[in-house]
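Protein chains: 2
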Amino acid sequence: MESTAYTKRLLTYRLSLSHLKEVGLTDVFSYLIAGETGISAALVRKDLAQLKVKGKRRGGYEIDVILDAINNYFGDNTINRVVLAGMGNIGRAIVNYKNFENRRIKIVAAFDLDPAKQRKKYDVPVYPMEKCPDIVDKYRVNVAVIAVPAFSAQTVCDRLIQCGIRGIMNFAPVNLKVPDHVYISNVRLCDELQQVIYHSTKTNQ
Amino acid sequence: MESTAYTKRLLTYRLSLSHLKEVGLTDVFSYLIAGETGISAALVRKDLAQLKVKGKRRGGYEIDVILDAINNYFGDNTINRVVLAGMGNIGRAIVNYKNFENRRIKIVAAFDLDPAKQRKKYDVPVYPMEKCPDIVDKYRVNVAVIAVPAFSAQTVCDRLIQCGIRGIMNFAPVNLKVPDHVYISNVRLCDELQQVIYHSTKTNQ
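Quick note, the sequences are listed as chains A and B, same order. Note that the first sequence covers residues 2 to 206 in my numbering. Note that the second sequence covers residues 2 to 206 in my numbering.
So here's chain A without its partners, still in its complex pose (with noise of 0.2 Å):
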């Protein structure tokens, strides 16, 4: 499997090759690939050779050709659909997060403790979290975003791995322990803040 830092790297190319396409850009160097989005224009090279795309003839790259090669390696043909454990504030702004469809990713489910929620109209149906060996077994779901309290994420978390999750988008503010074949992404929204916090106030001494 590549490197996480390599896959990072093609999405950030590929949201600033969408955004030059949008302007009306079709074909970019590498260099400016590397001035958008502060990646070395060397290692743009390197990165776009090992895609397998192929430079002009007279130099540089067309933006399409990229963008295809980027959705490719990420199977952007299929829809990946995803589970949503806790409907609480993140929890909602995920299910409501335009941006996934563009994506290909679906959240097709949720689960949440609170009845009066698995009773609410949302965009997405809400079960209780015993539905969710069938839920995950009848969608064939293998990613989940955990977005419930600190105190029950670890629960949650087992009971998911349990029916067949295999990734995991963490919103809660503790460290999960999962097994070694559980992949899992931890957003730290606080952290996030603090740093941004830190740094800002350091550089205004």
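No wet-lab data here; the hints were simulated from the structure. Take these hints with a grain of salt, some might be off.
One copy or any two copies: either way a pair holds, since identical chains are not told apart in the list.
No more than 16 Å apart at the CA atoms, straight line, and that leaves these computed lysine to aspartate or glutamate pairs for EDC-like [unchecked claim]:
1) Lys107 with Asp192
2) Lys22 with Asp69
3) Lys107 with Glu193
4) Lys9 with Asp192
5) Lys55 with Asp69
Chain A is fixed; fit chain B onto it per the hints.
What follows is chain B alone, placed relative to chain A:
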């Protein structure tokens, strides 16, 4: 200024130690912190030495001493005021996010183009963007969260910086350009989730 990696590790230690404290521990050894955080015991000891936290005579550390040192490092005795741009799904989740309070982070005001949102009752007052200079000045804020759509993010970002903002946490899916004196942290929800999907699919094969 210390490295970003170092401040990130301190936040990771704090999270784990707060948890260990909650479950009843008062003292820890570096290898226990290592086991909880996935950071090597040697690096844990180095970081604690840099924080000027001393070990106990019989080995190990007092959890409270470490937590105090980390809180001091982040200046957590003062309240950190932050403004928010964009009261969409993500923005509202940020305003309602309870964990910020524990970290002495306070969202003092939000900005949104939509006059309906300016009239609505949220936990923070919502102003038109034109009020930005006044609000930033009045509350002496230098950190902002950007949660506006991609197409307006750069304009909003430039405006905030003009008003004196020096630290930005950005949720908009664009590579924002900021001057050197501004610290920016990008929270790429789509990219994060796509990485999880990518890795969990690959481990399947």
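Structure-based check of all given hints:
1. Lys107 with Asp192: between (27 Å within a copy, 14 Å between copies)
2. Lys22 with Asp69: For Lys22 and Asp69, the Cα distance is within 16 Å only inside one copy (13 Å; across copies 50 Å).
3. Lys107 with Glu193: Between. Shortest inter-copy distance 14 Å satisfies the 16 Å Cα cut-off; intra-copy 26 Å does not.
4. Lys9 with Asp192: between (20 Å within a copy, 7 Å between copies)
5. Lys55 with Asp69: within (12 Å within a copy, 55 Å between copies)
In summary, this structure violates none of the numbered hints.
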